[in-house]
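A.B. asks: Chain by chain, the residues:
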Amino acid sequence: MNQSVVCRAWEIWKNPIFLRYCRSRLRPTAISVAILISVMMSGFLFQMIRTVSANNENFTIEDIERTPLTALLVFQGFILFMLGTAQASGGMTAERDEGVIDYQRLLPMTPAAKVIGFLFGLPIREYVMFASTLPFTIWCFWKGNVPAHTWISLYGVAFSTTILYHLTGLLTGTIVKNRRWAFLASIGLIFALYTIIPQAAKFGLVFFKYLTVTPTAEESMRFLLPSTMGDAWETGRRLLSQAKFFNLNFSEAVFTYFSQSCLIITFFVMLCRRWKDADAHLLGKIWAVGFYSWVQLLLLGNALPLIDSGKLFPTQQLSRFSYMMRGRAWQPESWETIAMILVYGLLSLLFLWVLSGIITPNFGTQINGWRRANKFGRKRLPRLADESNSTGFVLLMAIIGGAGWFAFTHMLVESRWFPGHFAPPSLAGYFILAMVTCALLHQMLLEAKGGRAVFLGIIFLLVLPLMVASIVIGTSDRLAPIAVWIGGISPLSLPALCAINHLSISDFPMNLSRAIPGAYVFWQAIYLITVISLTKTLWRTRTSTKELV
Amino acid sequence: MTPSPIAPAIDIRDLRVDYEHFTAVHDLTLKVPAGEVFGLVGPNGAGKTSTFKVLASLMQPTYGEVILSGVDVLEDKEEARRVIGYMPDLAPVPRDLKCGEFLRFYARAQGLGNAKQCAERADECLAEVALTDHKNHWCHKLSRGQTQRLVLAKTMLHSPKVLILDEPASGLDPLARRELRGTLRKLASQGATIFISSHILTELAEMCTSICVMSRGKLLASGTVDQVRQQLGDDSRSITVVPLQEITSVPDWIRLFDGVADARIDAGSILLDFVGDEEAQANLLEEMIRRGLRMRSFTEKRSSYEEILIGVAERSRLS
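Chains as they are written, first to last, in this note's numbering: chain A, 17 to 565; chain B, 8 to 326.
If you're looking for bench data, these hints aren't it; they were derived computationally from the structure. Small disclaimer: the values here were computed from a predicted structure and weren't measured.
Straight-line Cα separation of at most 20 angstroms, EDC-like style, residue types lysine to aspartate or glutamate; simulated pairs:
| # | chain 1 | residue 1 | chain 2 | residue 2 |
| --- | --- | --- | --- | --- |
| 1 | A | Lys-30 | B | Glu-108 |
| 2 | A | Lys-292 | B | Glu-82 |
| 3 | A | Lys-292 | B | Asp-79 |
| 4 | B | Lys-105 | A | Asp-118 |
Simulated coverage check for chain A against chain B, where a stretch passes if three residues somewhere in it have a Cβ under 8 angstroms from a Cβ of chain B:
| # | stretch |
| --- | --- |
| 5 | 119 to 132 |
| 6 | 385 to 393 |
Glycine residues also receive a C-beta, built at the ideal position from the N, C-alpha and C atoms.
Bound-form chain A, shown alone (with noise of 0.2 angstroms):
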């Protein structure tokens, strides 16, 4: 029989599985109510609000066009975001559950063929209803005189970002074992990537907001409005921050492209791992570390040029106006600047949890490692493998975070705005310790006992200290110190006591104030004390597995 090459990964065209999708999820009965329900949608909120804005006599025909686009733009986003990666997670999941999924890894294609045709297979009836709303917008931006860069870029952004959410609901649907769990955690990441990671952007890390669509709707906004509503929001998008890499100047759609395409790829990379073997770590640990010093290094080109102008801090995209409206220039309050050095410290921490959670072997993996080293005469176990111990790994980008932390923390205090405050090369040293301190009690943690043990210890060693810490906080002032000390038993705590213990722009009450130096030490040495008996413990299991072999 002849069985030549099925398709290579870019000719979607030919896919199998892309093709299965077309066919099972295009039926005619369910496409025509599908276009019905969007056409009829967009159709509503095209006539509609041209209808009212034709009333409005400061519209010129122009303005009149383009006023349904914003509403029509949310319409295919919430098709094409909400409702297509909700179906690329739930239809994956579908497989596993079906349990067919077996079936597409027994088909002779690459993996990277087999993710793109899940990729746009699964969602392959948002991308029809989306095209059936494109005629509205097409006349909206005709009609509309909206320039072609304009559509070109939105569309441009609106499709990268649709693929980074897709590809985020196919993991999660690849991950997460339960139908259901999978469907959530897909909807949860895209609402959060939309409400709560964007707001880190206002703390700092301009970087998340480039994952979503809005940088650049914001941006094309002036030709989307009524030409005197988008002249009015020009003039106040160029008082806010535009899109820095360093000293390079981007346009908010390059630098979109630029921020997600690192997400696409290591996602892509994920999915392709786990097609290749399905018991495989998400990311090798060279691609971690890569991935997470690539991170630091946006978040630090993103954040440190709007240093100087003072468009990174809070205050100043937010209360500008009332400062003007009293008559003074405005100034960064040392709270926000504390709270932006803590944020960075915090998520660097969490994403280091995560990439370590992700290479650290579990116990099952090291020990058929020590099997298979053991039949073939090897002393040692390949470096680089998933069975392989993580431990440098995680020190090395524990090292990695803590100088981005510190470069931020640097460039913050000796800016313009603290004249005075220092933040010495000492402070690299103390921060680099701390991340070094958590990060390794994670890993260790996790490669000595196991998920289970990591589990527990982050509801009642990470959240239930700071529940109980804040319960403290809020019946008085006076326990406040209390507080310190209780909350300083999270290891979240820990980078957040030494740059306040540190910095000398810290301005908190005098009670806290003394507090936080001993609850900073006394923790900081009972976790280095701690990871040192877990170093020992985690000799002691990795000796007893090789000898178990």
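Since chain A is already given, all that's left is putting chain B on it; use the hints.
C.D. replies: Structure of chain B alone, referenced to chain A:
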């Protein structure tokens, strides 16, 4: 790669599969010649499904080598998947495809030519499993037996050199089993090597040219069904002799006859536990006739396949 003429179709060497502290397959070495219908039998937890998953390139073993039709499954999965046809236990089917579409999709995914050629091949396979009438039926609406046949058709689509069928007859009625046997024999006659697992030895004995027995991840015996019976040390049988005239005690010469382990009278019949070989059994019958023992019947009853398997399971549990 083309296998040499003498190379076995399935060549498993030192295969080991571990789940943390539990060893599912323990250094399994096995060779299956081309064209065989080879059965793998064992109680639940014997390591059958783990072995099959490794063979089907769906699982990474701890170590070992698996060469199917000359292709190293662990080194070249993509190529191996062209020579393997795998049918999992309980044979799932998608809910959103019709039978014809289901087969056409896999035909296309196996690279069996253009849309027309794929449709033709799908129709051929549907006809082979007698499901042509169900071409436009939803997969998930088929009965259990029809579903099994449909998945078998999917497994046969690309004419694989090695078919790996995990419990293919589970849930099938006797008629469907007979049809399955026929289909498998036909495939074997066309040159395919078929590797079937089951925890029901009778089922395999009916279908297979040879079998192997696994328990707790270890290979206990392999060969033809009778050879396996001998290897497992279960060659005892009971013989029932019904005399024409009722007798009250077993003659002493029977008790002392070579191969007779025990003899007793039960409801007028002589019950013998016989452990001798077939020659000794023939001698006993001849001696009875020579000595004038007139009988209505002389019946031999061997342990059933299930009893052998239960014995294996019991022994491995106790060990």
